[in-house]
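Take a look at the letters that make up each chain.
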Amino acid sequence: MSPEVTLLVQSLVSGLLIGFVFSLLSVGLTLIFGVMDIVNFAHGEHLMLAMYLTFWMWYLWGIDPLLSLPVVAIALFILGVFTYKVLIKHVLDAPMLAQIFVTFGLMIFLRSLAQVLWSEDYRRIGDTWVSGRIEIFGIFIGLPQLVAAIGAVITTGVLYIFLKKTRTGWALEATAENKEVAGLMGIDTERMFALAWGLGLASVGVAGALLATFNPISPEVGAVFVLVTFVAVALGGFGSVPGAFVAGIIIGVVQVLGGFLWEPRFKTVLVYAIYLGVVFIRPQGLFGQR
Amino acid sequence: MLQVEAIEVRYDDVPALRDVSLEVKEGEIVGVIGSNGAGKTTLLRAISGMRPVAEGAIILDGVPLHTLKSHEIAAHGVAHVPEGRGIFAYQTVLRNLYLGAFLRTKEERDEMLDRVFELFPRLYERRNQQAGTLSGGEQHMLAIGRGLMARPRILMLDEPSLGLMPKLVDMIFELVQRINREDGLTILLVEQNVLESLEVADRAYVLETGSLVLEGGGRELLDDPQVQKAYLGM
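For the protein sequence lines, the chains are G and R, in the order given. So for the first sequence, the numbering used here puts the first residue at 1; every next one is plus one. So for the second sequence, the numbering used here puts the first residue at 291; every next one is plus one.
Among the hints, a few may not be true.
[What the hints assert, rightly or not] Here are the simulated DMTMM-like pairs of lysine to aspartate or glutamate, each with C-alpha atoms no more than 20 Å apart in a straight line:
{"#": "1", "chain 1": "G", "residue 1": "179", "chain 2": "G", "residue 2": "4"}
{"#": "2", "chain 1": "R", "residue 1": "359", "chain 2": "G", "residue 2": "188"}
{"#": "3", "chain 1": "R", "residue 1": "315", "chain 2": "R", "residue 2": "472"}
{"#": "4", "chain 1": "R", "residue 1": "359", "chain 2": "R", "residue 2": "345"}
{"#": "5", "chain 1": "G", "residue 1": "89", "chain 2": "G", "residue 2": "37"}
{"#": "6", "chain 1": "G", "residue 1": "89", "chain 2": "R", "residue 2": "362"}
{"#": "7", "chain 1": "G", "residue 1": "179", "chain 2": "R", "residue 2": "373"}
{"#": "8", "chain 1": "G", "residue 1": "165", "chain 2": "R", "residue 2": "400"}
{"#": "9", "chain 1": "G", "residue 1": "165", "chain 2": "R", "residue 2": "362"}
{"#": "10", "chain 1": "G", "residue 1": "89", "chain 2": "G", "residue 2": "180"}
{"#": "11", "chain 1": "G", "residue 1": "179", "chain 2": "R", "residue 2": "362"}
{"#": "12", "chain 1": "G", "residue 1": "85", "chain 2": "G", "residue 2": "37"}
{"#": "13", "chain 1": "R", "residue 1": "359", "chain 2": "G", "residue 2": "180"}
{"#": "14", "chain 1": "G", "residue 1": "267", "chain 2": "G", "residue 2": "4"}
{"#": "15", "chain 1": "R", "residue 1": "359", "chain 2": "G", "residue 2": "4"}
{"#": "16", "chain 1": "R", "residue 1": "359", "chain 2": "G", "residue 2": "93"}
{"#": "17", "chain 1": "R", "residue 1": "315", "chain 2": "R", "residue 2": "460"}
{"#": "18", "chain 1": "R", "residue 1": "519", "chain 2": "R", "residue 2": "486"}
{"#": "19", "chain 1": "R", "residue 1": "315", "chain 2": "R", "residue 2": "351"}
{"#": "20", "chain 1": "G", "residue 1": "164", "chain 2": "G", "residue 2": "127"}
{"#": "21", "chain 1": "G", "residue 1": "89", "chain 2": "G", "residue 2": "4"}
{"#": "22", "chain 1": "R", "residue 1": "457", "chain 2": "R", "residue 2": "486"}
{"#": "23", "chain 1": "R", "residue 1": "519", "chain 2": "R", "residue 2": "498"}
{"#": "24", "chain 1": "G", "residue 1": "165", "chain 2": "G", "residue 2": "188"}
{"#": "25", "chain 1": "R", "residue 1": "519", "chain 2": "R", "residue 2": "472"}
{"#": "26", "chain 1": "R", "residue 1": "519", "chain 2": "R", "residue 2": "505"}
{"#": "27", "chain 1": "R", "residue 1": "315", "chain 2": "R", "residue 2": "505"}
Derived from the structure by calculation, the hints contain no laboratory data.
Pulled out of the complex, with its shape left as it was, chain R reads as follows:
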């Protein structure tokens, strides 16, 4: 479905990603793990058109995305839930969700809204509240919910568990599995939380200082001595 082919992304001529290739198949949860600064966020930003791709190609079902602008990529069915949530803090929760469905018809939007409120009853309770007044966990939920509102073909989550307390982290990962199973949504998940990501991911890639160093099944990587040593402290 999504193919990233040998891309290079630079910040001021310094490459942040070098020769990165990966694939996400329909219906999969694919994890990209790595430490801070490995280039995980840059990868998602490149896919969603927030960063220019210097070399290589990004293809979604035969359509090259790397030459398109953000809003065009969104129209092709890519939803990117950015790191640090990126919610519209001065808009209400409901308005945030509506903006997520900006490219959808009113019927599609309202239908999806029911689903999002079913997944996140808390968002329903707070629907008329300014998004900036939500707690950190609720803002994560809103960001994910807003991503779902687009009814994307692929949902990209950038560190959805960042800065959350353990109970909420579990909840977010359960939710990722749930939307994958129940809604058949394809998910590309970027995480520093290696253990939980590998548990939910069908396949995963390990990114180190801008290059992919390992790939394999989620379980497979959990048992990999290299991963255990570098990321799981074993």
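The following block holds chain G by itself, in its conformation from the complex:
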């Protein structure tokens, strides 16, 4: 292969890999939105917490991120349920502005808390079980990125099967479509809301543990990912899990391709151009139903 082609394929592969992680993050966000029409603006900060949790478990006790992953996922699940019960539950019937400010305020609170507790310093997890890279036909693939992508796909798949095949999953989907009628069916919709928050943040937990193996960690790390996540959720169609999955991959690829074909500093410009395109041409998103 000529160097240009190699570089192109290299870019495509790395875009694809990070795209899967975007997918998982977006699925978590869209799940919460789909079930209760509330946008979690603190989604990125929840990711940041997951990454710090992974980091500290590695730093203090030498636990490998792959081992701490389930712990982080469960911790974030609990945090999600807690967030719902303590904050979100009280604004369910409040005006939209109040709902926005609750999670927006939470975002600022969590970010500031991280700055106070852990300083602005960038942290990095050193050697892990997945460090290193492999070479296939002259294409280099970072093992952490590869493992992150695989982990993200598995988690998204499990979540999707849960939604489609289990009774509780059906109840979640029914609540998402019409919470009043879901209540008439005997579904405890408030429990479903709590579950959506738990699952939404557990997805973030998995993504955070996987990202922590190669991405530097700082109090602002959430902001980097969350904007892309919002674009993916809009592109996929608010509330659509398959939509968020596909959109996450598209955005991952577009981002690196934009950097490759154009200029690295413009890479996010293309992503937002897609977002504008969605808003103008197909506001309901690719898979959106509403």
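Go by the hints and put chain R onto chain G.
Here is chain R on its own, set in the frame of chain G:
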């Protein structure tokens, strides 16, 4: 069986129902008739816990329902088929029916499913179709079928004939009688279609701007000059 005792329901402090009391006995078809905006839907929403009850009480076999949430009321055996059908449009017909039996065991669910498909062969044909793609009449059938799937003690139907062509309206009312007779199901029916409702109802109440103004046997009310003048155009 079901007692509604002097309830008041408000929307933003404006009472939509005032001092409404009614009773449904086991095995009865009870109609609540009245024009648009009389508060018929509000009454059903209050019973199923979708609207808070400001005053009064709703009792099902000695259990106060008015302090419970929707899903708890459903668990006590109240099935509410909401106005405008309220089906899950993005789910299949079968999934809608399964959701109706959410609180039932798998055996009960499958048993009831056979009955629903027997009553509505059309739903069987369309079982794997997205519910939103059904025709208006089929969506009514699905909503009623989904209500039956819960094996309720009392089935509440909110305007089941609304927006249907006359042939289908007849079919729906026949069906209401059929499930009452064959399955022994108690039914509370809210309707604007006064003539047909009174024909199938054992007893009925007339609701006007949030208050009950008349009650009596279905036939009795059909012969009532006041009802004839106000609702039957005679």
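For each hint, the structure was consulted:
At roughly 53 Å between alpha-carbon atoms, residue 179/G and residue 4/G are farther apart than 20 Å, so this suggested pair is violated. This hinted pair checks out: residue 359/R and residue 188/G have alpha carbons roughly 9 Å apart, not beyond 20 Å. With a C-alpha separation of about 17 Å, the suggested pair residue 315/R and residue 472/R falls inside the 20 Å cut-off, and the hint holds. Under the criterion of a C-alpha separation no larger than 20 Å, the hint pairing residue 359/R with residue 345/R is consistent with the structure, at around 16 Å.
Our distance criterion of 20 Å between C-alpha atoms is met by residue 89/G and residue 37/G, whose separation comes to about 13 Å. For the given pair, residue 89/G sits about 19 Å from residue 362/R by alpha-carbon distance, which is consistent with the 20 Å threshold. Between residue 179/G and residue 373/R the CA atoms are separated by roughly 15 Å; this keeps the pair inside 20 Å, and the hint holds. This hinted pair checks out: residue 165/G and residue 400/R have alpha carbons roughly 17 Å apart, not beyond 20 Å.
The suggested pairing of residue 165/G with residue 362/R is violated, with an alpha-carbon distance near 24 Å, which exceeds 20 Å. In summary, the hint linking residue 89/G to residue 180/G is supported, as the alpha carbons are separated by about 16 Å, within the 20 Å threshold. Between residue 179/G and residue 362/R the alpha-carbon distance is near 14 Å, which keeps this suggested pair within the 20 Å criterion. Between residue 85/G and residue 37/G the alpha-carbon distance is near 16 Å, which keeps this suggested pair within the 20 Å criterion.
For the suggested pair residue 359/R and residue 180/G, the alpha carbons sit about 11 Å apart, so the restraint of at most 20 Å is met. The hinted pair formed by residue 267/G and residue 4/G meets the criterion: a straight-line CA distance of about 18 Å does not exceed 20 Å. Proposed proximity of residue 359/R and residue 4/G is contradicted: the alpha carbons are some 64 Å apart, above 20 Å. The suggested pairing of residue 359/R with residue 93/G holds, with an alpha-carbon distance near 16 Å, which does not exceed 20 Å.
Of the pairs offered as hints, the one joining residue 315/R and residue 460/R is violated, with about 25 Å between alpha carbons and a cut-off of 20 Å exceeded. Simply put, residue 519/R and residue 486/R have alpha-carbon atoms about 16 Å apart, close enough for the 20 Å limit, and the pair holds. In summary, the hint linking residue 315/R to residue 351/R is supported, as the alpha carbons are separated by about 10 Å, within the 20 Å threshold. A hinted pair counts as satisfied when its Cα atoms are at most 20 Å apart, and residue 164/G with residue 127/G does not qualify at roughly 38 Å.
At most 20 Å may separate the alpha-carbon atoms for a hinted pair to count; residue 89/G and residue 4/G exceed this at roughly 54 Å. Annotation: proposed proximity of residue 457/R to residue 486/R holds, straight-line Cα distance about 12 Å (limit 20 Å). Between the alpha carbons of residue 519/R and residue 498/R the distance comes to roughly 14 Å, so the proposed pair stays at or under 20 Å and holds. As the CA atoms of residue 165/G and residue 188/G are separated by approximately 19 Å, the hinted pair is consistent with the 20 Å bound.
A distance of roughly 34 Å separates the Cα atoms of residue 519/R and residue 472/R; the hinted pair therefore is violated under the 20 Å criterion. For the suggested pair residue 519/R and residue 505/R, the alpha carbons sit about 16 Å apart, so the restraint of at most 20 Å is met. With a C-alpha separation of about 14 Å, the suggested pair residue 315/R and residue 505/R falls inside the 20 Å cut-off, and the hint holds.
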